[in-house]
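Number of protein chains: 2
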Amino acid sequence: MIPNVVSAGTSRRAPSRRGRSLWQERLLPAGRCAAVVISQTMTLQLGKRQWGRMERRTVKSLKRIAIDMDEVIADFSEKHLRLYNDQFGESLTAEDLRGHRLWTLRPQVADDILSMLDHPLFFRDLSVMPDSQEVIAELARDYEIFIATAAMERPTSFAAKYEWLKEHFPFLPDKNFVFCGDKSIIYADYLIDDSVRHFKRFVGQGILFTASHNIYEEGYVRVKDWQDVRRYFRETARGEEP
Amino acid sequence: MIPNVVSAGTSRRAPSRRGRSLWQERLLPAGRCAAVVISQTMTLQLGKRQWGRMERRTVKSLKRIAIDMDEVIADFSEKHLRLYNDQFGESLTAEDLRGHRLWTLRPQVADDILSMLDHPLFFRDLSVMPDSQEVIAELARDYEIFIATAAMERPTSFAAKYEWLKEHFPFLPDKNFVFCGDKSIIYADYLIDDSVRHFKRFVGQGILFTASHNIYEEGYVRVKDWQDVRRYFRETARGEEP
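Sequences listed follow chains R and Z, in order.
Just so you know, we're using the working numbering here: the first sequence kicks off at 722 and counts up by one.
Just so you know, we're using the working numbering here: the second sequence kicks off at 722 and counts up by one.
Next up, chain R with everything else stripped away, as it sits in the complex (with noise of 0.2 angstroms):
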């Protein structure tokens, strides 16, 4: 185990790689004199126009952005608290839920809670996030764009997860979809979460998505909504313009 103390600051600190992307800053002293010697060759056989189109695509790689399924892109707990309220006559309500799980709001019956996440539909036909969608699609015209959920800690949810992946994000090709359980494992630029205990080792920026349960976390990089996710990564693209 990584003691907090070695990665604790990472998640909370801007990169210092501005306009580098973890490839850029890890392979490029070899990368570069390569890159240089097909640059010389290449462009004796393309324009001057396509082969800054080539450069910009393959030369210069693009960053990469691992994005969390539940509460970020899938909407988990309102379905979660719909059942619930079903099965024990509650009418809790996302405010309800401000700092909380509603395993830890309601611990007497957290077994109960958490068997229903257990069922092999239960994450097929959560609701998608507003504007996750066209954001995501936007965004993947600039970064490596990977799916990483903690779908060990429900195996059962294997199927439909990557379903409904396949139905509601199906601009994304299916290798970049990640299912794991200790998040430290993604080599991203980026990691948008809802649970901050995956920023703790994680290697890049981790930001935020803010869900109820995680309303008074302090010291992260935070995103309230989709909209605040395309406003991020237009301002970190103005910071990285040379």
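Be careful, since some hints might not be right.
[Said to hold, decoys possible] Computed list of lysine-lysine pairs in DSSO-like fashion (alpha-carbon distance at most 30 angstroms, straight line):
(1) Z:K887 x Z:K800
(2) R:K945 x R:K887
(3) R:K921 x Z:K887
(4) R:K800 x R:K945
(5) R:K921 x R:K800
(6) Z:K945 x Z:K896
(7) R:K887 x Z:K887
(8) Z:K921 x R:K800
(9) Z:K945 x Z:K887
(10) R:K945 x Z:K896
(11) Z:K921 x Z:K945
(12) R:K896 x R:K800
(13) R:K921 x Z:K921
(14) Z:K896 x R:K896
(15) Z:K921 x Z:K896
(16) R:K921 x Z:K896
(17) R:K887 x Z:K945
(18) R:K800 x Z:K800
(19) R:K896 x R:K945
(20) Z:K800 x Z:K921
(21) Z:K945 x Z:K800
(22) R:K800 x Z:K945
(23) R:K896 x Z:K945
(24) Z:K887 x R:K896
(25) R:K800 x R:K887
(26) Z:K896 x Z:K800
(27) R:K945 x R:K921
(28) R:K921 x R:K896
(29) Z:K921 x R:K896
Hints are computed from structural coordinates only; laboratory data are not their basis.
Chain R is fixed; fit chain Z onto it per the hints.
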């Protein structure tokens, strides 16, 4: 897409950060200060020996090995070959697959061959590769072990692969299982894999696990079996001692 020119070099040479994990390389400048503060506080309360043990296990973070499943810990091609021979009345052996995949050796029935893999139970009863359990259990004492499989290529395989891992590698936590597609998303110091394509953009040291199909690949660090993996990491550890 990242061009091969940028990354091709990395999987072919030993990592330059001898003795330091990727964590330490990326995160330590800040972490080192925190560790020193903690060190000074904690040695007041801990005996020298106790502190030494803590320091080794936490402040000196473990390096991480990611391990592929098929043809590395699970004997994929033995079963595939057997099913093929049964269905097509042939008697092909591993020898016939030197430099080939079954579907490239018999391209006229490639669709039939590949569709065998879509059966939800195909991956459930593969044999465990000799010595893999023992050597991985041994490595798990000094490294963080992750299992990284390109399961997104066969979404019907999720449940079978998960259950197979829980049965045969019960000592590995399932939060360390990664079902992905493009393995460049894996953040680890080493990747043991039988497919060289996964090394192209991998950030750490690729280690090619010998299989019939990759027998003619050259220029990679190669291990021929799990005893060879054990030897590789023993030598690596010796080389890293101060």
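Here is how each hint holds up against the structure:
1. Z:K887 x Z:K800: 20 angstroms, holds
2. R:K945 x R:K887: 25 angstroms, holds
3. R:K921 x Z:K887: Cα-Cα ~26 angstroms, so holds.
4. R:K800 x R:K945: Measuring from Cα to Cα gives roughly 20 angstroms; hence the hint holds.
5. R:K921 x R:K800: OK: K921 (chain R) and K800 (chain R) at ~28 angstroms, within 30 angstroms.
6. Z:K945 x Z:K896: 28 angstroms, holds
7. R:K887 x Z:K887: 27 angstroms, holds
8. Z:K921 x R:K800: 41 angstroms, violated
9. Z:K945 x Z:K887: At roughly 25 angstroms apart (the allowed maximum being 30 angstroms), K887 (chain Z) and K945 (chain Z) satisfy the hint.
10. R:K945 x Z:K896: OK: K945 (chain R) and K896 (chain Z) at ~28 angstroms, within 30 angstroms.
11. Z:K921 x Z:K945: Holds, because 20 angstroms separates the two Cα atoms, which is no more than 30 angstroms.
12. R:K896 x R:K800: 28 angstroms, holds
13. R:K921 x Z:K921: 28 angstroms, holds
14. Z:K896 x R:K896: Holds, at roughly 20 angstroms.
15. Z:K921 x Z:K896: Roughly 26 angstroms separates the two Cα atoms, so the pair holds.
16. R:K921 x Z:K896: 15 angstroms, holds
17. R:K887 x Z:K945: 38 angstroms, violated
18. R:K800 x Z:K800: 42 angstroms, violated
19. R:K896 x R:K945: 28 angstroms, holds
20. Z:K800 x Z:K921: It holds: about 28 angstroms lies between the C-alpha atoms, which stays within 30 angstroms.
21. Z:K945 x Z:K800: With Cα atoms ~20 angstroms apart, K945 (chain Z) and K800 (chain Z) stay inside 30 angstroms; holds.
22. R:K800 x Z:K945: It is violated: about 50 angstroms lies between the C-alpha atoms, which goes past 30 angstroms.
23. R:K896 x Z:K945: 28 angstroms, holds
24. Z:K887 x R:K896: 24 angstroms, holds
25. R:K800 x R:K887: This hinted pair holds, its Cα atoms lying about 20 angstroms apart.
26. Z:K896 x Z:K800: 28 angstroms, holds
27. R:K945 x R:K921: Within the cut-off at roughly 20 angstroms; holds.
28. R:K921 x R:K896: 26 angstroms, holds
29. Z:K921 x R:K896: Judged against 30 angstroms, a Cα distance of about 15 angstroms means the pair holds.
Violated hints, in rising order: 8, 17, 18, 22; the structure is consistent with all others.
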